[in-house]
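Position in the sequence shown (first residue = 1) + 2 = my numbering.
Everything labelled a hint here was simulated from the structure, so no lab data went into it.
Any given hint might turn out to be false.
[Unchecked claim] The calculated label-pair distances, taken between Cβ atoms and stated as ranges, are:
1) Ser128 to Glu34: 47 to 57 Å
2) Trp102 to Ile20: 34 to 44 Å
3) Ser106 to Ile20: 33 to 43 Å
4) Glu103 to Lys58: 43 to 53 Å
Ideal placement from N, C-alpha and C gives every residue a C-beta, glycine not left out.
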Amino acid sequence: MRELTRAEEQVMKIIWEIKEGVIHDILHKIEEPKPAYNTISTIVRILETKGFISHKAVGRTHIYYPLIGQEEYTNRFFKNFLSKYFHGSFAELASTFTRWEDFSIGEMEEIQKLIAENIKKKGEES
Numbered sequence: 003m004r005e006l007t008r009a010e011e012q013v014m015k016i017i018w019e020i021k022e023g024v025i026h027d028i029l030h031k032i033e034e035p036k037p038a039y040n041t042i043s044t045i046v047r048i049l050e051t052k053g054f055i056s057h058k059a060v061g062r063t064h065i066y067y068p069l070i071g072q073e074e075y076t077n078r079f080f081k082n083f084l085s086k087y088f089h090g091s092f093a094e095l096a097s098t099f100t101r102w103e104d105f106s107i108g109e110m111e112e113i114q115k116l117i118a119e120n121i122k123k124k125g126e127e128s
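Please take these sequences and the hints and turn them into a complete structure.
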């Protein structure tokens, strides 16, 4: 899956939020300073070409909707990020975080708790 640019991601987040809508609906949700209508229209066409969204025609109006859910995109993005920067290793990623100075003991304990809970769940599923 191709990654989204910052502008494409901003538009996708709005489409995920509104579920479906026309260009004006998307433009309405964007904070000031708002880009031009044509800019949003171009981004939407790119998203459609990339396979992230589709549309249904109602008269001369196109109503856009997502083909890929936000969670699915996030999972694919994260797997790609993990592969690209950490050789696909969660341990290498975690090791990097633990070396950060601003990574607090409380955050480490929270992650440790989440890991323990998931180990327990996976053990019960086996």
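Structure-based check of all given hints:
Between Ser128 and Glu34, the C-beta spacing of about 53 Å keeps the proposed range 47 to 57 Å intact. With their beta carbons about 36 Å apart, Trp102 and Ile20 fall inside the hinted range of 34 to 44 Å. Evaluation of the 33 to 43 Å hint for Ser106 and Ile20 yields a pass: the beta carbon distance comes to about 36 Å. Take Glu103 and Lys58: their Cβ atoms lie about 51 Å apart, and the range 43 to 53 Å holds.
No hint from the list above goes unmet by this structure.
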